[in-house]
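Given next are the chains, with one letter for each unit.
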Amino acid sequence: MGVVKNSKLTGDIMSLVKITTSALAISAVCATAAVARDQVQVAGSSTVLPYASIVAEAFGENFDFPTPVVESGGSSAGLKRFCEGVGENTIDVANASRKIKEKEVKACAENGVTDIIEVRIGYDGIVFASDINGNSFEFTPEDWYKALSETIVVDGEIVANPNKNWNEVNASFPDQPIQAYIPGTKHGTREVFEEKVILAGCEATGDFEAFKAANGDDKKAAEKACIAIRTDGKSVDIDGDYTETLARIESNKDGIGVFGLAFYENNTDKLSVATMSGVVPSVESISTGEYPVSRPLFFYVKKAHIGVIPGLKEYAEFFVADEIAGPDGPLAEYGLVSDPELATVQSTVAEETVMGGGS
Amino acid sequence: MTDMSNSTTPQNSLLRQDARTIRRNRAETRFKAYGVAAISVGLLMLVILLVTIIGRGAGAFQQTFLTLDVQLLEAKLDKKGNRDLEDIKKVSTFGYAPLMAAALEKKVAQSDVESDLKPKEMAALLSKDAAAQLRDFVLANPDLIGTSVEFRFLTNSRVDGYMKGRVTRASIANDKSINAEQLDLVDALIKDGALEKRFNLAFITGADASDARPEAAGMGVSMIGSLFMMLVVLALALPIGVAASIYLEEFAPKNWITDIIEVNISNLAAVPSIVFGILGLAVFINYMHLPNSAPLVGGLVLTLMTLPTIIISTRASLKSVPPSIRDAALGVGASKMQSVFHHVLPLAAPGILTGTIIGLAQALGETAPLLLIGMVGFIASNAPDGIASGLMDPNSAMPAQIYEWAKRADPAFYERAWGGIIILLVFLITMNAIAVMLRRRFERRW
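Going down the list, the sequences are from chains A and B. First residue of the first sequence? That's 0 in numbering that gives the first Met the number 0, and the numbers climb one at a time after it. First residue of the second sequence? That's 0 in numbering that gives the first Met the number 0, and the numbers climb one at a time after it.
For the record, the hints were derived by calculation from the structure and aren't laboratory data. Note that this is a predicted model, so its numbers are computed, not measured. Be a bit skeptical, because a hint or two may be false.
[To be verified] With a cut-off of at most 27 angstroms between alpha-carbon atoms, the simulated DSSO-like pairs for lysine-lysine come out as follows: (1) A/185 - B/406; (2) A/252 - A/219; (3) A/98 - A/219; (4) B/89 - A/312; (5) A/252 - A/195; (6) B/406 - A/98; (7) B/406 - A/269; (8) B/175 - A/252; (9) B/88 - A/312; (10) A/223 - A/211; (11) B/406 - A/79; (12) B/175 - A/269.
[What the hints assert, rightly or not] Here are the in silico distance ranges between beta carbons for each label pair: (13) A/238 - B/88: 40 to 46 angstroms; (14) B/257 - A/238: 42 to 48 angstroms; (15) B/50 - A/239: 22 to 28 angstroms; (16) B/22 - A/235: 23 to 29 angstroms; (17) B/429 - A/287: 37 to 43 angstroms.
All residues carry an ideal CB built from backbone N, CA and C; glycine is no exception.
Make the full structure from the sequences, and use the hints.
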């Protein structure tokens, strides 16, 4: 009995071997042929990812090109891959939640990526939110600076931040322990938070001058002293996504987190948003510039790939078209603050104007 | 019998348990109790896990649909009236939105539901996917322009959440995506029978969807991605692994070189999978210039990860074949190779297959190496149209898709992540069941 079964099994194995060898051959052929890529490849900021995926989906539906592929990973990671060189196995578009840096432009140029088209798609608001059932807050940048900076000035002297509760920061706040969840340093959001909230608060309180005096009139050092965040556990860096920040707040009701506007608007049943300098964050208040904490979002296109990768230019033009990125388009509906100068951006894309004001 | 009755009345028995024996017996009883407790804790955890997964994920298999009669107006869809497909294609999905708004308005008027909502606000109840669905239908049936067709559209994730109890009237206070009047309309449409929850096949077969329409997202394309990766793993890891272990076990001389190889294979099995991911990025993508996010690259990486598992289990099952079988074969004049392929390998085959399937199941659920070769993001949007495109075109894999969904902002994606886990678990349980079955049917013990 056993022997009969086993010999049958041997037959199975032999046929399996045949199948596997043929599959091997097929995959080898595929690998060597390196079929011409027919879809646009995008990578970069996780803040831009939802917008890019909405555009990619609509693009795939409305054009005869396949749906572009959008990878996440962060602005810096995306730009690094973008600058790896020109060719089919490099990405065509990098999404970024900040402007490309001088250093990155140089790195690009070294690898032959010289003509880069910079496209600003709109603005994103950064909001501060706490648990829906907790206290509500009306912040100013000074409050955040006093709550989170490593060192602050008390009675004319620079001391390690002594504040433990919000009511020590601002007498009008409730007696609630300070516990902030802020984006980690690999996020573009962190830079905006440091610059537009902590540094602004530092300057508004006048501590900036004190730091400058203490550092021998060195502006850079003073800025550094301002934006150094305390490391005693009152402020926690979140390296993951906003969902992780949300989970932290759900487990610690005293926590206050930093979110993107679009994320907050999808979770209004769990989060209560704080005002900043008396302004409630919304698409409207950000577009008028009333709400202070916002930043532009970009994507960068490799000009050398236009005409080589089918659909690349169409994708870029579709992204900034009025029906997509305009104030009534699906991106604005999701939480993007549309660019008031969209027409200029559209002509940049249409004329393929590269960065660096020339060529 | 008399012995037994005596043992129940041990007063005059000569056997006296001394204190040490009693202590030993008690220790044994206690140990058994610990064992039972450990198993119960384990089972409890399993039950909690399964109940949580099913409780949270089952909702993803159902979706809310709204049935509507849509008037396919010629004036909107084919202005020239010549049914030229190129002209019809020029109308984008945005051009289809007014048709649906009009259809919903008509529906509301017919079923005398009171509503002060503007047609545009009514249409907001529908999924953004509805326009795409309508456009695809018109492009496939251009001759139906000018007629009225009944459609079943997806509703948006908030309406679906309301049907599933995730969204309540209290929770939408600050939500700008839906308001109380819209929910009133939803209630009226439920009463009318047009709005209902039903099984959603698209969740199992469909492609990923963008953040604006979580209700349309499905696992189908990433499932195909996983399938192609498993094919690559099977095609490479099985022959390489089996050949390597047969040579090591049956032919190789026992010396310090084979000892080092052996130790290294065992060590490789314990290397964290992320290491294979970064290796794949460096070798397959940066050096060999294979395309990003391709299932072929994913399969190659997972092959590296699975090989040690297959080699170890193959060697174990080759070892378990008694030497007498080899001796007998050699004794009647078979060559070494004949004795291996005619006698040892068939007897070891069930063990090899079991090990391979377990290795595949492990590879199927692996996420970490895929993060590094670009399989996370909005990737699984195009179903491949052949073997070549299945291997080379960007695609995601089931666990990577689940990870991606869990990160997204809309809570509806969270439910889908749990639903995806259910699908993944079904695959894993099936594969393990096949492994157990093979072992049961074919395994021989000596």
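Against the structure, the hints:
| no. | hint | in the structure |
| --- | --- | --- |
| 1 | A/185 - B/406 | holds (17 angstroms) |
| 2 | A/252 - A/219 | violated (37 angstroms) |
| 3 | A/98 - A/219 | holds (20 angstroms) |
| 4 | B/89 - A/312 | holds (18 angstroms) |
| 5 | A/252 - A/195 | holds (26 angstroms) |
| 6 | B/406 - A/98 | holds (24 angstroms) |
| 7 | B/406 - A/269 | holds (16 angstroms) |
| 8 | B/175 - A/252 | holds (24 angstroms) |
| 9 | B/88 - A/312 | holds (19 angstroms) |
| 10 | A/223 - A/211 | holds (10 angstroms) |
| 11 | B/406 - A/79 | holds (23 angstroms) |
| 12 | B/175 - A/269 | holds (14 angstroms) |
| 13 | A/238 - B/88: 40 to 46 angstroms | holds (44 angstroms) |
| 14 | B/257 - A/238: 42 to 48 angstroms | holds (44 angstroms) |
| 15 | B/50 - A/239: 22 to 28 angstroms | holds (26 angstroms) |
| 16 | B/22 - A/235: 23 to 29 angstroms | violated (52 angstroms) |
| 17 | B/429 - A/287: 37 to 43 angstroms | violated (57 angstroms) |
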